[in-house]
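Enquirer: Letter by letter, the chains look like this.
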Amino acid sequence: MTTTHTYDALVVGGGGGGLRAAIELSERCRTAVLSKLYPTRSHTGAAQGGVCAALGNVEEDSPEWHAFDTVKGGDYLVDQPAALLMTEEAVEAIYQLERWGLPFNRTPDGRIDQRRFGGHTRNHGEAPVKRACYAADRTGHMILQTLYQQCVKRDVRFFNEFYCLDLLRDDAGVTVGIIAFELATGELHVFRAKAVVFATGGYGRMFRVTSNAHALTGDGPALVWRRGIPLEDMEMFQFHPTGLARLGVLLSEAARGEGGIVLNREGERFMERYAPTIKDLAPRDMVSRAIYQEIKEGRGGGPDGDWVYLDISHLDPTVIEEKLPDITEFARIYLKVEPLEEPVPIQPTAHYAMGGIPTDTDGRVVVGADEDVVPGLYAVGECACVSVHGANRLGTNSLLDLVVFGRRAGDDAASFVHDTDLATPSEHPEQPTLELLDGILGRTTGDNAGEIREELQDNMFDLAFVVRSDESLAKMQQILMSLRERYERVAITDKGARYNTDLMETVELGYLLDCADALVAGALVRTESRGAHFREDHPLRDDANWLKHTLAYRERDGSIRIEYKPVKMGPYVPMERKY
Amino acid sequence: MVTAADVLDASDQARPTIDTIPLTVRVRRFNPEVSEDSWWDEWTVRCDPLERLVEVLHQIKWHHDGTLSFRRSCAHGVCGSDAMLINGRNQLACKVLAQDVAPRVTIEPIRGLSVLKDLIVDMEPFMDGYRSILPYLINDSGEPEKERRQSPEDRHRYDDTTKCILCAACTTSCPVFWGDEGYVGPAAIVNAHRFIFDSRDEAGRERMKILSEKTGVFRCRTTFNCTDACPRGIEVTKAIQEVKRAILFERF
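For the record, the sequence lines run as chains A and B.
If you're matching positions, the first sequence starts at 230 in the numbering used here and goes up one per residue.
If you're matching positions, the second sequence starts at 39 in the numbering used here and goes up one per residue.
In short, the hints are calculated from the structure, not lab data.
The reader is advised that the hints may include incorrect statements.
[Said to hold, decoys possible] Once the Cα atoms are required to be at most 20 Å apart in a straight line, the calculated SDA-like pairs of lysine to any residue come out as:
hint	chain 1	residue 1	chain 2	residue 2
1	B	Lys184	A	Trp329
2	B	Lys184	A	Glu321
3	A	Lys382	B	Met165
4	A	Lys382	B	Glu240
5	A	Lys794	A	Glu765
[Stated by the list, open to error] Examples of chain A residues lying across from chain B (beta carbon under 7 Å, computed):
hint	residue
6	Leu266
7	Ala442
8	Val478
9	Gly679
10	Asp731
Since the model is a prediction, treat every value here as computed from it, not as a measurement.
Cβ coordinates follow ideal geometry from the N, Cα and C atoms, glycine included.
Turn these sequences into a full structure, and let the hints guide you.
Expert: As C-alpha cells, this is what we get:
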C-alpha cells in the first residue's frame, strides 16, 4: 500500500543544510522535510570547532582573505567565484544565526568571539588569523539546534524517520518527487513535488576509522547517481588528522587553534618541519600526510606504532574547560586518558566528502561540462559539490557552506516552484523501489550484510585512505566488484514491517558501495596528488593535466564513465602550496 | 621505496592480540508483529574492554540477530539517539563501555514512552512537551544591523541548558513523568530555561505562564533522577528549581 502526498518543495535530510533551506522555503511555499533521523540527531550536531566569517571582531580581517585561504586550502580545485561568494555572504549568515538565538561565545564587549583555525590566515598567508566564530566546542550542535528551533517556530512540516529510496523524474528529466519508506510502518510513500532539495550529508561510513555517524551512508549521491546524474570529485575525501586513536571520534582542530600541538613518539613537535610558518595550524590534508610520514619513518606510538599524540596539557585548564570541554571528555571516556595531564593518542580519521552532487551556487544540480540544470533538483551541504572545498576543505567551512548555500538553494527553489506546474509521475512510480526491497526481503539464505560492510570499511581504510597508489586502488576496485556480487545475494533476518532497521541498513550498504565505486574510479584515473588525494606513485600536483573536476557517471551496464569539467578560475593563480 | 602497503603490513604484524572479555547482554525485546508480550533474549559475545555498548549491540545485530532494533547515529554521545535503560539507569549506549558493565548487562527501553519495537520508543509525546514551551528565541524589538550584544556573563547564565541533545534520558527517568502523562517533563523545562535566562529573549513570562500550569514545573518532586541521567552533565534539577523560583519571584 502506498500513500501519496503533494507539496511544492521537499527537503530530504534534516541537518544544517536541509533545515536552512526549509526555513527559506517554508515562508514561501508548501514545504515538507523528510529525515531518516529525528532532525536534531543529524551529524551537523557533531561539528565542534567553529564557523568562519570575516567579522573582524577580534583582529582585522576581510572576506577576500577568507576566499584566498579557501582556494589555496582546496589546492586550487575550488571554483573561485563560488568561494568569493561564500566568504562574502558568510558575514551576514553569521549575524543571521546570532539573531535567531545562536549562543556564540562572546568577546568582553559582547560581540561574537573568534579564534584561530587551520589554514585561515591574515593577508594571504602572513600569519594565522582569528576568524572562527564558535560556541565552545559544540558549534555544530548550536547551529543544528538553532535552525531546528526556527523550523519549530515556523511550524515546518517534518516527516521524521522517513528514508528516501528513489528520486522520481519524468521522461524530460524534470523532477517529479521521491519515494520514501516510513520506518515505523514499512509503508512506501509517494511524495510529489515541483522541487526536491537533497541534503543527506556525507558517506564516511565506507571507512573503518571515521568521525562520521552511522547514518552517513551517501544516500543522496547514490540515489541521483542511479538516476543518471554524475558525481563530482568523489576522490577528494578529507582525512582529519586528529581522530581519537582506533575510534576515529573527532578531536576538533580548535584544540590546535587554542594552542594544542601534535607530537610524535619522540615528543617532537614535527609540524615545525612540514609547515614552518603556521606549524600545527596547517590544513588538514598536510597534517594527516605528515602524521603518515612520521608513522612510516618509525616515529609513531601505540601498540602498532600507528598513533601520534595531540597535546593540550600545557594549556590553561580554565581555557580547556570553557572552550574545549567536549573533546576533553571524549578522551577521558573512550581512551581513559586525562588531556589536562598527558597527550592524547590520535590518528587520521575519515571526516568529510569534498565531492558529491554537482551544483551551481544556487544549489541547482547541474550535469556535464556545460552544466545543464536539472529542473527542480537541488543539493546542499556535504552531499553537494559547489565546489567551494576543492581538493581539501578548510576547517569551519562546512558549517558555513550549509548556511550560505542552504539559504541560496531554498531561495532559488521557492522562486522555481512559483513559476512551475506540478509534473505527473508515471503510473506506480514506487515499482522499482518495491522490487529493490522485495529482492532483499525475499531471499531466505545469502550473504551477510554485516560482513560485506566490514570488508568494505577495512579495505577502503587500507587501500584508499591518506596514501593511495595505482596498485592499491586497482586492488580496491577488484574488491568492490566482488563485494557487489555478494551484495546482490544478500539476505537479512528481519522480514517484518515495523522499524526494520535490518532492511534499511542493507539499503544503506548499497549506497555506500556506489559511493565507494565512484571514489575509487576517480582516484584511480587522477594520476597526480592534490589536496586530500595523495598518490605515492604521482606525488606532485599536475596543473597542466589535472586542474579539472572529475565527473563520474554510472552507465546502465554498471560500468563507470569518467568525464571532466574545467575549474572556474578567478583572481588566484595556482602556486605551490606552502604554509 | 617503502610503500603504503609495507607500512600497513608491518603494522598488522606488530598488532598484538587484544585481550577480549566475555559480556552477556540481556535485552528486553518487544515486537507486536511477533507477540503481544515482551520477552528477554540473551547473547554472550567477546569484546574489547573499551568497546562501546552500542557497538556490542551492533555486533549482535550484524552477526547474531538482525531483528534486534534500536536507534543510534553518532556513537559518541552528541546525537542523543541511543538512550536506553542500562542496568537500571538511563544512559546513552555509546557512552557506556563493555568493561564498565562486564560480565553482564541488562538493557531495556527507556520508560514512560510507549515501546514500538525492542529498544525503540515513541518519541512524539516527548517532542510535544518540547514544542509546547516555545523553544526558540523571541525578540520583537527590531533587529540590529550586526549581532545583538551579550556580555560573557549573560552568555554564561544559560550555558548549561544549551547542551541539551533531546535524548529523553532525563524525562524518562522521572517518576512524575511515568505517572502523569500531562507533565511536560525535565527536558522541556531545560529548554525553557535556556531561553528564559537568555538576556536576548523577551518571552520569558509567556514560557513561565505555560510552565506554571498544572502540567508544568511544579509537578517536579526534586528526586534528582534527571540530573543523574543526563549524558551531557546538565544540572537538570537545578535548572528546574531556577525556573520554579523565577515563576514564584519573577526574578529572571
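Enquirer: Given the proposed pairing of B:Lys184 with A:Trp329, does the C-alpha separation stay at or below 20 Å?
Expert: holds, 12 Å
Enquirer: So, as I understand it, the hint says A:Gly679 touches chain B; can you test that by seeing if any CB pair is closer than 7 Å?
Expert: A:Gly679 check passes; min Cβ-Cβ to chain B is 3 Å, inside 7 Å.
Enquirer: Verify the proposed pairing of A:Lys382 with B:Met165, using a straight-line Cα cut of 20 Å.
Expert: holds, 14 Å
Enquirer: Measuring from the C-beta of A:Ala442 to each C-beta in chain B, is the shortest one below 7 Å?
Expert: holds, 4 Å
Enquirer: Double-check A:Asp731 for me: the hint is only fine if its C-beta lies closer than 7 Å to a C-beta in chain B.
Expert: Hint holds; A:Asp731 Cβ to chain B Cβ min 4 Å, cut 7 Å.
Enquirer: Run the distance test for A:Lys382 versus B:Glu240: straight-line Cα separation, threshold 20 Å.
Expert: holds, 15 Å
Enquirer: Is it true that the CA of A:Lys794 sits at most 20 Å from the CA of A:Glu765?
Expert: Violated, at about 25 Å.
Enquirer: Please verify that hint: A:Val478, Cβ, nearest Cβ of chain B, below 7 Å or not.
Expert: holds, 5 Å
Enquirer: Has the given pair, B:Lys184 with A:Glu321, been kept, meaning a C-alpha gap of at most 20 Å?
Expert: holds, 8 Å
Enquirer: Classify the hint on A:Leu266 as holds or violated, based on whether any CB of chain B lies nearer than 7 Å to its CB.
Expert: holds, 6 Å
In summary, the structure is inconsistent with hint 5 from the numbered list given earlier, while agreeing with all the others.
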